[in-house]
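Asks: Start from the sequences and build out the full structure, keeping to the hints where you can.
The lines below spell out each chain.
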Amino acid sequence: MTSRRTPNLMRRWLTQALLPLAAMACSLGAQAAPPLKVGYSDWPGWVAWQVAIDKGWFKEAGVDVKFEWFDYSASMDAFAAGKIDAVTMTNGDALVTGAGGAKSVMIVLTDYSNGNDMIVAKAGIKSVADLKGKKVAVEQGLVEHLLLENALKKVGMKDTDVTLVNAKTNEMPQVLTAKDVVAVGAWQPVSGEAMKAVPGSHPIYTSADEPGLIYDGVAVNPASAKARRADWLKLVKVWDKVVAYIDDPKTQPDAVKIMAARSGITPAEYLPLLKGTKLLSLAAGSKVYVKGEGFTSLYGSTKIVDGFNLKEGVYKAPQNVDSYLDPSFTNAK
Amino acid sequence: MIARKLGSFLLPLLVWSLVSYLPFIWHPKVQVEAPGGVDYFLPGMLVDREEFAQQSADMRQQGLALPTGVPANPIYLPAPHQVAKALYTAFTTEPEQKDAPWLHESLWQSIQIILWGFLLSSAIGVPLGIVCGTYQSVGRLSEPFIEFFRYLPAPAFGALAVAVLGIYDGPKIAIIVIGTFFQQVLIIANTTRKLEATLIEAARTLGTRGVRLITRVVLPGILPDLYRDQRILLGWAWTYLIVAELIGTSSGITFFITQQARYQHFENVYAAMLIIGVIGFGSDLLLGRLGHFLFPWDRTRDRT
Amino acid sequence: MTDHLQQTPEVKERFAQIYEREAILEVQHLGKRYVTAKGETEALRDINFRVHRRELVCVIGPSGCGKSTLIRILAGLESLSSGAVLVDGKPVSGPGRDRGMVFQGYSLFPWLTVKGNVMFGPEMSGHPHNIADGMARQWLELVGLTKFADAYPHELSGGMRQRVAIARALVNEPRILLMDEPFGALDAQTRAKMQSHLLDIWKNLDITILFITHDLDEAIYLADRILVLKAHPGEVQELIEVPVPRPRTPGQSMTAEFRATRAHLESLIHPPEVEAGTPEEAAVLGQSHMIRFTNVTDNVE
Ligand SMILES: Nc1ncnc2c1ncn2[C@@H]1O[C@H](COP(=O)(O)OP(=O)(O)OP(=O)(O)O)[C@@H](O)[C@H]1O
Ligand SMILES: [Mg+2]
Numbered sequence: 001m002t003s004r005r006t007p008n009l010m011r012r013w014l015t016q017a018l019l020p021l022a023a024m025a026c027s028l029g030a031q032a033a034p035p036l037k038v039g040y041s042d043w044p045g046w047v048a049w050q051v052a053i054d055k056g057w058f059k060e061a062g063v064d065v066k067f068e069w070f071d072y073s074a075s076m077d078a079f080a081a082g083k084i085d086a087v088t089m090t091n092g093d094a095l096v097t098g099a100g101g102a103k104s105v106m107i108v109l110t111d112y113s114n115g116n117d118m119i120v121a122k123a124g125i126k127s128v129a130d131l132k133g134k135k136v137a138v139e140q141g142l143v144e145h146l147l148l149e150n151a152l153k154k155v156g157m158k159d160t161d162v163t164l165v166n167a168k169t170n171e172m173p174q175v176l177t178a179k180d181v182v183a184v185g186a187w188q189p190v191s192g193e194a195m196k197a198v199p200g201s202h203p204i205y206t207s208a209d210e211p212g213l214i215y216d217g218v219a220v221n222p223a224s225a226k227a228r229r230a231d232w233l234k235l236v237k238v239w240d241k242v243v244a245y246i247d248d249p250k251t252q253p254d255a256v257k258i259m260a261a262r263s264g265i266t267p268a269e270y271l272p273l274l275k276g277t278k279l280l281s282l283a284a285g286s287k288v289y290v291k292g293e294g295f296t297s298l299y300g301s302t303k304i305v306d307g308f309n310l311k312e313g314v315y316k317a318p319q320n321v322d323s324y325l326d327p328s329f330t331n332a333k
Numbered sequence: 001m002i003a004r005k006l007g008s009f010l011l012p013l014l015v016w017s018l019v020s021y022l023p024f025i026w027h028p029k030v031q032v033e034a035p036g037g038v039d040y041f042l043p044g045m046l047v048d049r050e051e052f053a054q055q056s057a058d059m060r061q062q063g064l065a066l067p068t069g070v071p072a073n074p075i076y077l078p079a080p081h082q083v084a085k086a087l088y089t090a091f092t093t094e095p096e097q098k099d100a101p102w103l104h105e106s107l108w109q110s111i112q113i114i115l116w117g118f119l120l121s122s123a124i125g126v127p128l129g130i131v132c133g134t135y136q137s138v139g140r141l142s143e144p145f146i147e148f149f150r151y152l153p154a155p156a157f158g159a160l161a162v163a164v165l166g167i168y169d170g171p172k173i174a175i176i177v178i179g180t181f182f183q184q185v186l187i188i189a190n191t192t193r194k195l196e197a198t199l200i201e202a203a204r205t206l207g208t209r210g211v212r213l214i215t216r217v218v219l220p221g222i223l224p225d226l227y228r229d230q231r232i233l234l235g236w237a238w239t240y241l242i243v244a245e246l247i248g249t250s251s252g253i254t255f256f257i258t259q260q261a262r263y264q265h266f267e268n269v270y271a272a273m274l275i276i277g278v279i280g281f282g283s284d285l286l287l288g289r290l291g292h293f294l295f296p297w298d299r300t301r302d303r304t
Numbered sequence: 001m002t003d004h005l006q007q008t009p010e011v012k013e014r015f016a017q018i019y020e021r022e023a024i025l026e027v028q029h030l031g032k033r034y035v036t037a038k039g040e041t042e043a044l045r046d047i048n049f050r051v052h053r054r055e056l057v058c059v060i061g062p063s064g065c066g067k068s069t070l071i072r073i074l075a076g077l078e079s080l081s082s083g084a085v086l087v088d089g090k091p092v093s094g095p096g097r098d099r100g101m102v103f104q105g106y107s108l109f110p111w112l113t114v115k116g117n118v119m120f121g122p123e124m125s126g127h128p129h130n131i132a133d134g135m136a137r138q139w140l141e142l143v144g145l146t147k148f149a150d151a152y153p154h155e156l157s158g159g160m161r162q163r164v165a166i167a168r169a170l171v172n173e174p175r176i177l178l179m180d181e182p183f184g185a186l187d188a189q190t191r192a193k194m195q196s197h198l199l200d201i202w203k204n205l206d207i208t209i210l211f212i213t214h215d216l217d218e219a220i221y222l223a224d225r226i227l228v229l230k231a232h233p234g235e236v237q238e239l240i241e242v243p244v245p246r247p248r249t250p251g252q253s254m255t256a257e258f259r260a261t262r263a264h265l266e267s268l269i270h271p272p273e274v275e276a277g278t279p280e281e282a283a284v285l286g287q288s289h290m291i292r293f294t295n296v297t298d299n300v301e
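Chains as they are written, first to last, in the working numbering: chain A, 1 to 333; chain B, 1 to 304; chain C, 1 to 301.
Just so you know, these hints were derived from the structure itself, not from any lab. If you're wondering where the values come from, they're calculated on a predicted model, not measured in any experiment. A few of these clues could be false.
Claimed, not checked - Pairs of lysine-lysine residues, derived as DSS-like cross-links and limited to a Cα-Cα distance of at most 25 Å, are as follows:
| no. | chain 1 | residue 1 | chain 2 | residue 2 |
| --- | --- | --- | --- | --- |
| 1 | A | Lys59 | A | Lys257 |
| 2 | A | Lys168 | A | Lys179 |
| 3 | A | Lys291 | A | Lys153 |
| 4 | A | Lys250 | A | Lys226 |
| 5 | A | Lys257 | A | Lys278 |
| 6 | A | Lys311 | A | Lys158 |
| 7 | C | Lys38 | B | Lys194 |
| 8 | B | Lys98 | A | Lys66 |
| 9 | A | Lys132 | A | Lys55 |
| 10 | A | Lys237 | A | Lys250 |
| 11 | A | Lys66 | A | Lys237 |
| 12 | A | Lys122 | A | Lys135 |
| 13 | A | Lys158 | A | Lys135 |
| 14 | A | Lys59 | A | Lys37 |
| 15 | A | Lys241 | B | Lys98 |
| 16 | B | Lys194 | A | Lys257 |
| 17 | A | Lys234 | B | Lys194 |
| 18 | A | Lys333 | A | Lys241 |
| 19 | A | Lys333 | A | Lys291 |
| 20 | A | Lys103 | A | Lys311 |
| 21 | A | Lys55 | B | Lys98 |
| 22 | A | Lys158 | A | Lys122 |
| 23 | A | Lys59 | B | Lys98 |
| 24 | A | Lys250 | B | Lys98 |
| 25 | A | Lys103 | A | Lys316 |
| 26 | A | Lys135 | A | Lys168 |
| 27 | B | Lys194 | A | Lys237 |
| 28 | A | Lys103 | A | Lys126 |
| 29 | A | Lys275 | B | Lys98 |
| 30 | A | Lys66 | A | Lys103 |
| 31 | A | Lys103 | A | Lys122 |
| 32 | A | Lys257 | B | Lys85 |
| 33 | A | Lys37 | B | Lys98 |
| 34 | A | Lys333 | A | Lys316 |
| 35 | A | Lys291 | A | Lys103 |
To be verified - Chain B regions said to be covered by chain C (calculated; three or more residues, Cβ under 8 Å):
| no. | region |
| --- | --- |
| 36 | 205-212 |
| 37 | 218-227 |
| 38 | 291-297 |
By construction, the Cβ of each residue, glycine as well, lies at the ideal position given by its N, Cα and C atoms.
Replies: Set out below in structure tokens:
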């Protein structure tokens, strides 16, 4: 959804500039109050938590947790300011937020994008190779930019082989109607709207072609992860139940109904969005939480994002990727 | 008077209705009913009229089934009855999500944010503005700084506001305050300066001095104008709501708008905008009437 | 032709009486300079005069000669640059209740009713509401506005407003009433009524009046003495004793002493080598090269 990954460079800069103040404020105000506070926002892998909330599964599991609904950028601001204990975000944004000073550890993966992120091209363009020398619009420094780079690399090109046009993700449907732009990068539902805006346009590359390009999860304040480890473990356990409930064809309609209500649309509209997201059970998460290279490893994927962020000047110093990932919660028996 | 004001809405409404219901006026799109042989057409999809004609011609040539469709306006221009229906359902249907607020509750939440923001801003801004306008020395000392500050965009303070005030209503109210306060001081200082100097002099020759010059002369002297300024500033505060409610936890009416816009449910967006408009316009109309009643001596009131 | 200096024995006797009374206002070597971004203006230079108790003195002079400046300094609304102003022998510093002021533009408080305006002074000096109310009623009756007690200033005619302004100043029981062209904006009839009304009030109160006007007849009709100022810088040109006997009536304007005084004032204010005060005046006198906006053949003369 467009709310996911909307931070632009300006916002990042501001957050960093204001962070010393934020840190000061949180040192004044944060005496860990009993309920865990988690900020979540409009992305299927995170809206999924709504099922557990509505069903009362946290109470059953004996963990006192309060989920707060945010706009994605706002949720990261609140986390950076120390106002919430955890936030749902992408592994890439965890690095960006951490580079700004608010370190986190990702204790559980919720999903990876499985088709929701896409490069949409006009009718004449049959494959990624056809983009050579043409104008392609992406929001610079964000995941779709990374997706495009990945797509180009696979056919032996670099992002200098196409002419990049920097545009806001929300505006991609209109950008695609421009004569000389042949393709745009966007995630759902913007990518879907882009296809509606230009009949005949179609995805030529999606996150399903490179599963693991973007991982989503719950990132926790390291201090809280340590101090309230038992509570966080219980929360992670609930996740398995959520995934099972959504994936089970028998209960899926009920789950989709709950999720659609959270997003303010109809279940029918919601279903395709869910399909573009691969939810990860704890077992599936464990397989990804292993050190390795490439996108099949959370570590490998995060390293690639780190390199990309450095190259794009999102932050200056490379991040210690290992410190952002803690497999022990997901792997706990 | 009110009837005349409402009258000015009739023309736009008429234009909107004509554009919505008379297909030959605009309707640049075709809404697909049956895709026929066109591989990428889907029922309900909006395509350009030319595109639809082109595809129909292609299908005829290839001897495939023709697509069918009806003229339609772009998705961002819903018809009046769709908006009216959205308005009705928004207030009458229970929210899908458990424990989620009803629309009128979201609305009330937004109104409270505005009112608190405006009250806090006024509590400091009005007295400060009057003092700045009355005493040149104070004005010269503080106004350049305020002048500078008012150019800083209120939304830029979002992250800071959250850091200091938490994630609930505090930072939202703070954004309204930041957006209103600086303008308020300058505008009210200016209004105060425009008070006829001889009124103050007359009061001084009658034995008034010190604080009573402000409470007994300046304040009543500018009150009708101050009231008008406050009405304008209140409208201003509303425009910051959309930014304020995206800070911290998502809530209120403008969150509903951005959420619905994201999924291109424009009839809901228009309905919510309509509600805000009605509340803003209605309250201003009400305050205007109240002004007539409160300031019987105010001669400029006939113009408002 | 009679001279303005000729006085009948009765008039002489009257002036002797006036000068016997104590001087209530003394202006000594008064000077005023305005310093602005554009430079310095000398508005007043070395002004000397004294006013006795219950005297009525008018001040006249060409526009811009510093009449308003003078009266504002006396009221304490403006600082002086040199010299001294003494009221009852004490130097003036700031406005005080011993000096009431009536402004040319009425300056009534628009948010207060007529009665509220008159009560303003007594309330400021700490009188309880009911006492102030009583005082205001009494004064409204004196100026004949009882019926309009609850009206707002904007609902009154110009003459009525000026009567409220006078009542508002007098209710404070000042020693001196300072008036800056108070009737300047009124039509001739109303003006004449207000003049005799003012004389009435003055006669019955222990009040000293300093009255600015640019109307020579008004000055002669009202004043015991007339202070004539000249412009650039504002200096005292003459202080004239008006030889017209009291009580004054409008009919006196045809008398010899009235006309002599008027002629003398005329010669002071508009010397023979006509030095027009304002451009408008010059235009009226046909001495400026005014652009013609009409066809030459379309001559109205
Ligand atoms: N606040 C001020 N600052 C600078 N100059 C001033 C100020 N007030 C008055 N003056 C100047 O002082 C001179 C006297 O002005 P003043 O208003 O006293 O004249 P006046 O005799 O009352 O004129 P009029 O008959 O037109 O009312 C004028 O030259 C005027 O320009
Ligand atoms: Mg004057």
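Asks: Next, verify each hint and record whether it holds.
Replies: Structure-based check of each hint:
1. A/Lys59 x A/Lys257: 22 Å, holds
2. A/Lys168 x A/Lys179: 18 Å, holds
3. A/Lys291 x A/Lys153: 23 Å, holds
4. A/Lys250 x A/Lys226: With a Cα-Cα distance of about 38 Å, the restraint between A/Lys250 and A/Lys226 is violated, given a limit of 25 Å.
5. A/Lys257 x A/Lys278: 18 Å, holds
6. A/Lys311 x A/Lys158: Holds. A/Lys311 to A/Lys158 sits at ~14 Å (cutoff 25 Å).
7. C/Lys38 x B/Lys194: Between C/Lys38 and B/Lys194 the Cα gap is close to 23 Å, so the pair holds against 25 Å.
8. B/Lys98 x A/Lys66: At roughly 15 Å apart (the allowed maximum being 25 Å), A/Lys66 and B/Lys98 satisfy the hint.
9. A/Lys132 x A/Lys55: 51 Å, violated
10. A/Lys237 x A/Lys250: 21 Å, holds
11. A/Lys66 x A/Lys237: 16 Å, holds
12. A/Lys122 x A/Lys135: 12 Å, holds
13. A/Lys158 x A/Lys135: Status holds; Cα separation ~14 Å.
14. A/Lys59 x A/Lys37: 14 Å, holds
15. A/Lys241 x B/Lys98: It holds: about 19 Å lies between the C-alpha atoms, which stays within 25 Å.
16. B/Lys194 x A/Lys257: This hinted pair is violated, its Cα atoms lying about 60 Å apart.
17. A/Lys234 x B/Lys194: 66 Å, violated
18. A/Lys333 x A/Lys241: Status holds; Cα separation ~15 Å.
19. A/Lys333 x A/Lys291: It holds: about 20 Å lies between the C-alpha atoms, which stays within 25 Å.
20. A/Lys103 x A/Lys311: 21 Å, holds
21. A/Lys55 x B/Lys98: 10 Å, holds
22. A/Lys158 x A/Lys122: 21 Å, holds
23. A/Lys59 x B/Lys98: 16 Å, holds
24. A/Lys250 x B/Lys98: 21 Å, holds
25. A/Lys103 x A/Lys316: 16 Å, holds
26. A/Lys135 x A/Lys168: Answer holds: A/Lys135 to A/Lys168 is near 15 Å, not above 25 Å.
27. B/Lys194 x A/Lys237: Judged against 25 Å, a Cα distance of about 68 Å means the pair is violated.
28. A/Lys103 x A/Lys126: Judged against 25 Å, a Cα distance of about 42 Å means the pair is violated.
29. A/Lys275 x B/Lys98: At roughly 24 Å apart (the allowed maximum being 25 Å), B/Lys98 and A/Lys275 satisfy the hint.
30. A/Lys66 x A/Lys103: 21 Å, holds
31. A/Lys103 x A/Lys122: 41 Å, violated
32. A/Lys257 x B/Lys85: Distance ~22 Å between A/Lys257 and B/Lys85 Cα, so the pair holds.
33. A/Lys37 x B/Lys98: Holds. A/Lys37 to B/Lys98 sits at ~19 Å (cutoff 25 Å).
34. A/Lys333 x A/Lys316: Violated - the C-alpha atoms of A/Lys316 and A/Lys333 are around 38 Å apart, more than 25 Å.
35. A/Lys291 x A/Lys103: Holds, at about 20 Å.
36. 205-212: Coverage by chain C holds here, the residue count being 5 at a Cβ distance below 8 Å.
37. 218-227: holds (count 3)
38. 291-297: holds (count 3)
When each numbered hint is compared with the structure, violations occur for hints 4, 9, 16, 17, 27, 28, 31 and 34.
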